[in-house]
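S.K.: Listed below are the residues making up each chain.
2 protein chains.
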Amino acid sequence: MGYTVAVVGATGAVGAQMIKMLEESTLPIGKIRLLASARSAGKVLQFKEQDIIIEETTETAFDGVDIALFSAGGSTSAKYAPYAVKAGAVVVDNTSHFRQHPDAPLVVPEVNAHALDNHKGIIACPNCSTIQMMVALEPIRQQWGLKRIIVSTYQAVSGAGVGAIMETQEQLRAVLNDGLNPKDLEAKILPSGGDKKHYPIAFNALPQIDVFTDNDYTYEEMKMTKETKKIMEDDAIAVSATCVRIPVLSGHSESVYIETKEIADITAVKKAIANFPGAVLEDDVAHQIYPQAVNAVGSRDTFVGRIRKDLDKENGIHMWVVSDNLLKGAAWNSVQIAESLHERGLVHPTTEMKFELK
Amino acid sequence: MGYTVAVVGATGAVGAQMIKMLEESTLPIGKIRLLASARSAGKVLQFKEQDIIIEETTETAFDGVDIALFSAGGSTSAKYAPYAVKAGAVVVDNTSHFRQHPDAPLVVPEVNAHALDNHKGIIACPNCSTIQMMVALEPIRQQWGLKRIIVSTYQAVSGAGVGAIMETQEQLRAVLNDGLNPKDLEAKILPSGGDKKHYPIAFNALPQIDVFTDNDYTYEEMKMTKETKKIMEDDAIAVSATCVRIPVLSGHSESVYIETKEIADITAVKKAIANFPGAVLEDDVAHQIYPQAVNAVGSRDTFVGRIRKDLDKENGIHMWVVSDNLLKGAAWNSVQIAESLHERGLVHPTTEMKFELK
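Just so you know, the protein sequences line up as chains A and B, in that order. Each residue of the first sequence is one higher than the last, beginning at 1 in full-length UniProt numbering. Each residue of the second sequence is one higher than the last, beginning at 1 in full-length UniProt numbering.
Just chain A, same shape as in the assembly (with noise of 0.2 angstroms):
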């Protein structure tokens, strides 16, 4: 009767919003499973007010699982989405790990959806700051065509898990309450958990996210760059990306400058973003109406304003891009795909292994 899930990293910043967005699924779920490290394995949590018990990841963790949504990091995605693949499951995987595999499609249901087809048992849910911008940007694309995109984010702590949280919070405390100077405050996570040196983000803007790749572009800024190439399947599409954190909670902002194909009447354009899934026009500046980091946090859906013409480039455009980092950016994405896949008849276990088991 249903689907049997799984929720590996359960215990995530992201998989609480996933465990809630799961909640309020119109999937049919059986059973729900919660797998998380060893260290969390015994521990409880709830779905549907009923307590589940949190259960280690392994090798063998995956039986009986019709569809696995990972958000634990890609290391534990490259390790067990396999063995889930291997058990007969899906997998959504909310992690990088995967996204350019040519074997995993990259997802953005309103976008791409009939990506999922033939599946080889891994979908990549792309990266929280390309997703919102591909909800923004396809309604244009399908218009009148995209040549070209400068974006630069002004994106939330909450994307860096539960401990960039508390770290911001902490901080912010330090300096309101006890006074310190923000460049004095001590930092053991932002920018990047994984990279070698730690900054404060209280009262301040951080142009790194993710370590540092060879073209002096970061990881971030390069996934934004790929994932669009792949989800909107153009190669041809231009992207450069400037990756920055800022002292927000939860909530993606993004300044987004396109150049389109052929040139689009704003009006036109505001009324295909309006009339695009997934997309809420906030655009009224006569009334001071513009997307805002704390008005979309809950949020499923991409909020997008300040649209309006290049001063010189006739068919430039800028714009404004706000969603909730954990919904849209990740949680909410991921369950949609699971959604979209019981909708589209491909929950079901992949008749070609195409993933190594390590």
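Please keep in mind that the hints were generated in silico from the structure rather than gathered at the bench. Being a predicted model, the structure only gives us computed values, none of them experimental. You can trust all of the hints, since none of them are fake.
The list cannot tell twin chains apart, which means a pair is met if one copy fits it or any two copies do.
Restricting the straight-line Cα-Cα distance to at most 25 angstroms, the calculated cross-link-like pairs of lysine to any residue (SDA-like) are:
#1 147 with 263
#2 183 with 169
#3 188 with 175
#4 183 with 284
#5 270 with 214
#6 226 with 311
#7 188 with 177
#8 183 with 161
Starting from the known structure of chain A, fit chain B onto it as the hints suggest.
M.R.: Same frame as chain A, now just chain B:
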């Protein structure tokens, strides 16, 4: 024995920094006079540990003043700066009022100090967000030319005055200490004291600074466009800005994309910036070195980093530019203009009255 220097708006966030910059200035100051509104007249402030009684700003307050630094809002400058000029003073105006006036040079000393020659009594100090961008880009413009700028700002609340700083601190405390939801916070000043609606800045990013103009850009955004053309003396430079307030008290950050006329080598660009007065190169991503707002506060310099080629445009360059908005963005640039006037022998009454007495 030195100049009589007046500070108009002495009680404001910028006024306080102007007093500090004058204390540390090489300018020969014989007497300091502190002016403000009638409300503040009679209060006492310190200059070099001496008590100075604040006087009311009136039409007749400028007798004997050699240099008057204005930072009390555009309407105060509009009303009183011409009277200061008539009384024989040279005015350095930190408000937007005279910036586009054909007879008021708009000056960033490192970039266009030559524009001070033949002044007519009022010199305008550019907007904070423009100044730091000019310091970063002028060395590039000089060597390779500049076709185009796309900038997204991450601006601190102190640019909106002491009230905005207090509002931000109160909102953050209400969330951190009293558990309020950021979207339910009370706001009275930001995004713009002069606009109808006010929104919370705590844990938010507000894509509005100053009020909106007819073309759906804000005045702040249009300042960056118009001021860049005037300072660089080139109307052909294309500039489109997105100006955003973030919950940082001081220190503006900017994600700047440019296209040069000639293709520039990135190593040469870094060298040109490092050698430019007022600019500091902070760019070593292998060691996570890049400009940060918290580190820029208190410095007169503009910090530039994350310099890298666009991934697709051969003449495209991205960078991250940070400076203390109250210092180089306002008080220091104003005092620096006064120092330049002195060094060039230009502190004298004007011979032609070009500004209307109201």
